[in-house]
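Asks: With chain A fixed as given, assemble chains B, C, D and E with the ligands onto it according to the hints.
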Amino acid sequence: MLNVENLHVAYGGIRALKGVSLRVDEGEIVTIIGANGAGKSTLLNAISGFLKPTSGYVAFRGKPLSRRPDLIVRDGICHVPEGRLVFANLSVESNLAMGAYLRNDKKAIAADLERVYSLFPRLAERAKQSAGTLSGGEQQMLAMGRALMTDGQLVLMDEPSLGLAPLLVRTVFEIIGEIHKLGKTILLVEQNAFKALAVADRAYVLEQGRIVKEGKASEIAADPAVRDSYLGAESKAGG
Amino acid sequence: MDAYIEGILMLSGINLIAVLGLSLLTGFAGLFSFGHAGFMAIGAYSAAICTKLLGLPFFAGIAAAAAVAAGVSWLIGRATLKLKGDYFCIATLGFGEAIRLILDNFQGLGGARGWPGIPPHTTLLNILILDVIGVVLLANLVRSRHGRNMIAVREEELAAKVAGIDTFRYKMLALVISAAYAGVAGALLGHYMTFIQPKMFSMVKSTELTIIVIFGGLGSISGSVLGAVVLTFLPELLRAVDKWRLVVYGLAVIGIMIGRPRGLMGGFELTPKSIRAHFARRREERAIKAGQAAEDEAFSGGEDGKGGL
Amino acid sequence: GGEKQADVIKVGWFGALTGDQAVWGNNEFNTVKMLFEEINAAGGVTVGGKAYTLEAVGYDNKGDAQEAVNVVRRLTSQDKVVAILGPNASGNAIPIAPILESAKVPDIATVATNPKVTVLDGKVKPYNFRVCFIDPYQGAVAAGYAFDVLGARKAAVLYDVSDDYSQGLREFFIQNFEKKGGTIVADESFKSGDVDFRPQLSKIKAQNPDIIFMPYFFKEVALSANQARELGITQVLMGGDGWPSDQLISMGGAAVEGCYFVNHLDYEDPDVADYKARYLKKYGIETELNGYLVHDAVVLLVDALKRAGEPSGEAIAKALESADVKGITGRIKISPQTHNPEGKDAAIIKIVGGKYIFQQKYAAE
Amino acid sequence: MAQFLQQMVNGLSIGSVYALMAVGYSLVYSIMNFSNFAHGGVIMFGAYFGFFAMTLLKLPFVASFALAFVGTSVLAVVIERVAYKPLRERSAPFLYFIISAMGASIFLENIIIATIGPTFRTYPDVFGRSSISLGSVSIGRLDLIMFVISAVCLTGLVLFIDKTKMGRAIQASAYNMKAAALMGVNTDRVVMIVFALGGLLAGIAGVFFGMKYTVYPQIGNITTKSFVAAVFGGLGSLPGAVLGSVLLGIIETLVAGYLSSQFRDLIAFVILIGVLVFRPTGIMGKTTEDKA
Amino acid sequence: MSDILRVRGLTKRFGGLAAVNEVDFDVREGGISGLIGPNGAGKTTIFNLITGVYKVSSGTVSFGGQDITDLEPHRVAGLGVTRTFQNIRLFKNLSVFENVLTACHASASYGLADSLLRLPRFRREEKAIKDKADGLLEILGLADRKDAIANGLPYGLQRRLEITRALALDPRLLLLDEPAAGMNPDETEQLMRLIGEIRDRFKLSVLVIEHHMDLVMGLCEHIVVLNFGQKLADGAPDAIRGDKRVVEAYLGGGDQ
Ligand SMILES: Nc1ncnc2c1ncn2[C@@H]1O[C@H](COP(=O)(O)OP(=O)(O)OP(=O)(O)O)[C@@H](O)[C@H]1O
Ligand SMILES: Nc1ncnc2c1ncn2[C@@H]1O[C@H](COP(=O)(O)OP(=O)(O)OP(=O)(O)O)[C@@H](O)[C@H]1O
Ligand SMILES: [Mg+2]
Ligand SMILES: [Mg+2]
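Protein chains in written order, with our numbering: chain A, 77 to 315; chain B, 17 to 325; chain C, 2 to 366; chain D, 27 to 318; chain E, 3 to 258.
If we strip away everything but chain A, and leave its shape as in the complex, we get (with noise of 0.2 Å):
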């Protein structure tokens, strides 16, 4: 569904990403573990339209991809962006209305509304005040959302469960899990690698702007490099 070849990207003359090639099938869950600055952010800002890469070439569908972030939309391809970006002069409600504004289709867009409440029910008692004055979780659960009330295809994940109660992270991760079943394909950049991992079906690791290993999420889960380096105590404690 997707195809990353030999992506270069370049802040100035900071070089992030350094030649990234990857793929992400139809209906799959991947999921790109890295440490900080490793370049995961770059990776999805850069397929999503928002970096300009200096070399290399993303496809989607086959075909290859416009530059423009909104045409990318339009393609089907979603982006929760890593911080967020809630439009914090807007009502919770106008916010979700924006997630649908390339849709339609009323009906769908009011039963989505419905979804997105029945799983954030924070949002429905916050419907009618501004984004901006949430609390850091709040606005989370806002981004993940508006979404929801896309119909993109693939969509992109940085972080979501950035700055969540660790009750809301695990609804996080169940939503991925339903957005999935719904037949969406999902590629996620999560530091929760462990969780990440359990959900996933395949992973990349990325170092320093390259991939350094990918494979089954499983498998990734049991190598011992990445259980030492990106799963923490969780798994040693766990393992």
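Just so you know, not all the hints are guaranteed correct.
[Unchecked claim] With the Cβ distance kept under 7 Å, some of the chain D side facing chain B (calculated, not the full set):
#1 S126
#2 M128
#3 G129
#4 I132
#5 N136
#6 I137
#7 V254
#8 L261
#9 Q288
#10 L292
#11 P306
#12 M310
No lab work stands behind these hints, which were simulated from the structure alone. In this text the structure is predicted, and so the values were computed from the model without any measurement. For every residue, glycine included, the Cβ atom is placed at its ideal position computed from N, Cα and C.
Replies: Relative to chain A, chains B, C, D and E with the ligands alone:
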């Protein structure tokens, strides 16, 4: 020296002093003023009162100009510095116009008809001396804790506050100092022109100063110097194109904003040390590039760039 | 034969070609260029027995005093002109005096009416001259005519507080009107660039004056006259030499019917009509008042050149001090004490049927 | 009393001129977050477009009017493309936009002076100069028409922003272009539409302005007042811009009529600052505490 | 050990919503305390109230026995309370070193004249604070990124830089708002160690908001739990872990 070139140099030098002050306010403390010509007016009239009416020496006039402009700016600051961004802009704009209106109505100092016969004390030499003093003091200020605190206010006010910086006080400090600079520039201008008129200190003048600051590069003192000289000379160079002069000037301003995103010297200071550092960095960059190429090669020589470890 | 460079006399001009006074500046410069062409076509000017052609070197100063200084420095030190014509604004004419003095180049201002243009602290400035009458005189003429001829006893004044010309006329009008025994019932102002005068006019209306004095330029005159009529003000309006322009009639229309202003010249004078027609023919637009005055500045300069004996600034300045010529705005006899044209009559013009009708020559006591 | 009523009418009339300009200005501000100083220049062009359409092309008023605002819409979009888009693309700080806008404004004013000259031009009389009298109060015919047309335009605009999908996209982009693009909004188009709308309002303002006050290259300067009014009312808020304009008009009029016309702007300014000290974000501006 | 921070009846209302409602708690001198609770419980708001960023609706905050309720933020900081932000707020366009150096300003006392004229006092103190900034960067492991622009740092390092900047003020109480957000478990572990070291080295007290339970449970000696703006529980980690209400509202069963 040709009287014409000398005149333009003198004006550049005078503009430079006002620009330095504004550069502190806008470039370093991040406040945008549309009323700086008003402080120049205050300086020009205060200095003229000292030299022409009271018969004091020129340096006393300059000192008075700085002091009165600073004092007035302090009052203005008390009322308006709590305002944010564009709201503060409007307040300064209104202030600049208000000063002009008061001077227009004040017949004792000539009103709108202006005040002629101010002694011609301004010379290229005293301008140059004040320019040097102005640059040195400003450079010393911005590279001290006080200057850094102003920059912090510009960068992220809330973070500055919780880092223990009294943001109001530092905004005020920047405003007062920049007003004092403007006052000195006004004093010099008045004694250069030998005539002052409220019209000379219109919003257009304030705008010109701001354009110079940004043209030169925000937060760069050497940029301000360069900007003041270039933009004082530019309209004169364009005299050849007659009434198309300002058309070209307008386009040039847009061109610089688009073409040089950070102004002539944005964020870069022209000091011997920085020049050396610049070349060192260039060398280093080249070395890094070479290193990167080698690294890439080594990597792709591996196993198609992935799966190795 | 005009083949040699040395046979050219360079004359400077400066004024506003851009900015809000550009209308007047362009009109002046156009007139200077036209007259120089005509003079050169007729064989040029003979100075000290040698024929010279005239070349106009003109610069824009946006109407800005600081640029005026730059430009005069450039004209004197780089272009080496022997004399300068213009500017129109007093605020631009005053600061150039020291430069003229050090370069020894005379300047003939056109409509700079502030007394301080030529005389400061009781001393005449050696290189500043002008062809127009000055504010105190014009103010006195307006007040005298309003009080004596029109019989007004209560006058209201509306003026532009940020404009030097307007403030000057206002001051001397009020001074003379009150001296004659009239009362000023309202003294209101606006600021350059304002376009709405209704608040001030409503206030004036409530005072019910006999006459309203409006010492500012025709654009604002037309706007304020229209607004006055809209508010039901029917009184006679009066103004100064900022009024005359074809634009006033087209913009002001019926609102300025029956109003009076003080002018430098009588439009029915054949010389005036001739220049007006030549200008219209050459440029396709009507001349403004400044054209007439710069015309006379050229006349004055050519006369001085002829008498100077050599084309140098000093000699020209000397000759100007004793000039006595007939221009289209009347006789111009320069006073050595003030460098002003002495005893220049003012013309009172009334607007009747959309035309400027000459009433009488009027001199203030 | 009669004078007071008349002064209120005068104030409303000036206020509605300010409003027409302030709204276009505030609209662009709300999305771009910078003061578009070129707005005055676009208004000036609108006045010229309308004038030449009526005099040179001899078009009827309505057609000239339409031509003027279509012309200014295009002009505003072109300015955006040339002077702001490159800055937008590298997310330059707002100061650069302001300076670029100043450059554009200098350019616009002077291109007129350099090409067609600085002369004042008077619109042909369309509505008649006579005024309507209500008792001792008189109201200009043009003022009344202008008031109605402004009200219609402004209501239309507010409805457009609040009720349509595009309106919501505009508001969303106003906050964060990147996030809006993530929702599939073509932000380039949004910006274009905003500038076109701003230009359209400028065209309307320009034609009325020209009819009321004649046409000349500096008429754009009066937008400084509408800039003040927009800030006073609360930047980025359209109803705020209208309210701020009307209040500014009335304050100015009352000061000139009852206190001192010499110090009108000074006193009006002090009142404005007074209001801002108590409401630092203007009358209708949102007072949000900085969310840490 | 005495209490360095004392919060009594603290309340903050936004319109009709009581984001913080009658909360009482103490922070022990020299200890590391935790503030936890579901999203939107009011944790960040409490930080904002303590540091003077928000004005309280009612209630008091006292620090070291002194009432600091509604003091201006810079005064609170001057007394020795500093914080980091949940949404990182660095001086984005400045280098790492400049970020820290700026915050060192309180360690110098030279005046305006000293700096304008570069008097000896300026040189002396300036050198001292530069050394101090260097030292801090060294301790926090940022020395090799000294000249990097803050904005381009990876997330984790930005958080670390924020902590360094806060330490530059020689605080007696450090408030950390989700310092481990965006870090992987390994990095979180490092951070945890770092916070402990900082406490010992700089002899300060710490109040930390976190959702990473390993960190909170492993580090804090005392934990305050908020829910819907009210205090739900207060006590030692083990007690909190076992508290049924906390498990229900926040932790969820079984996990972690
Ligand atoms: N705007 C920027 N300017 C300069 N460098 C940047 C910028 N953004 C990111 N970088 C650099 O690019 C590299 C990759 O950053 P990126 O944000 O993609 O990392 P990440 O894997 O998402 O890390 P994190 O887990 O912290 O989110 C880092 O070294 C970072 O310093
Ligand atoms: N300025 C404000 N205006 C209105 N409501 C606000 C404001 N600031 C915070 N709130 C509300 O107060 C509540 C508490 O917010 P706070 O940021 O303190 O939560 P938190 O406990 O830090 O949550 P998180 O763990 O998600 O960061 C939230 O519901 C939020 O929407
Ligand atoms: Mg990231
Ligand atoms: Mg929080």
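Asks: Does V254/D pass the interface check with chain B, least Cβ-Cβ distance below 7 Å?
Replies: holds (6 Å)
Asks: Min Cβ distance, L292/D to chain B: is it shorter than 7 Å?
Replies: It holds, given that the least Cβ distance between L292/D and chain B is near 5 Å, below 7 Å.
Asks: For the restraint on M310/D, tell me whether the closest CB of chain B is nearer than 7 Å.
Replies: Hint violated; M310/D Cβ to chain B Cβ min 13 Å, cut 7 Å.
Asks: With chain B as the partner, please determine if Q288/D meets the hint condition of a C-beta pair closer than 7 Å.
Replies: holds (5 Å)
Asks: Quick check on the hint: I137/D CB to chain B CB, less than 7 Å?
Replies: Since the shortest Cβ distance to chain B is 5 Å, the answer is holds.
Asks: Using Cβ atoms only, decide whether N136/D comes closer than 7 Å to chain B, and label the hint accordingly.
Replies: holds (4 Å)
Asks: Return the status of the interface hint for L261/D: holds when the least beta-carbon distance to chain B is below 7 Å, violated otherwise.
Replies: With Cβ-Cβ at 6 Å, under 7 Å, it holds.
Asks: Using the nearest Cβ pair, does S126/D come within less than 7 Å of chain B?
Replies: Hint holds; S126/D Cβ to chain B Cβ min 4 Å, cut 7 Å.
Asks: Take the shortest C-beta to C-beta distance between P306/D and chain B; is it under 7 Å?
Replies: holds (5 Å)
Asks: Is the interface hint for I132/D satisfied, with its Cβ closer than 7 Å to some Cβ of chain B?
Replies: holds (4 Å)
Asks: If you take the shortest Cβ to Cβ gap from G129/D to chain B, is it below 7 Å?
Replies: holds (3 Å)
Asks: Have a go at the M128/D hint: is there a Cβ in chain B nearer than 7 Å to its own Cβ?
Replies: holds (6 Å)
The structure is inconsistent with hint 12 alone, although it conforms to all the rest.
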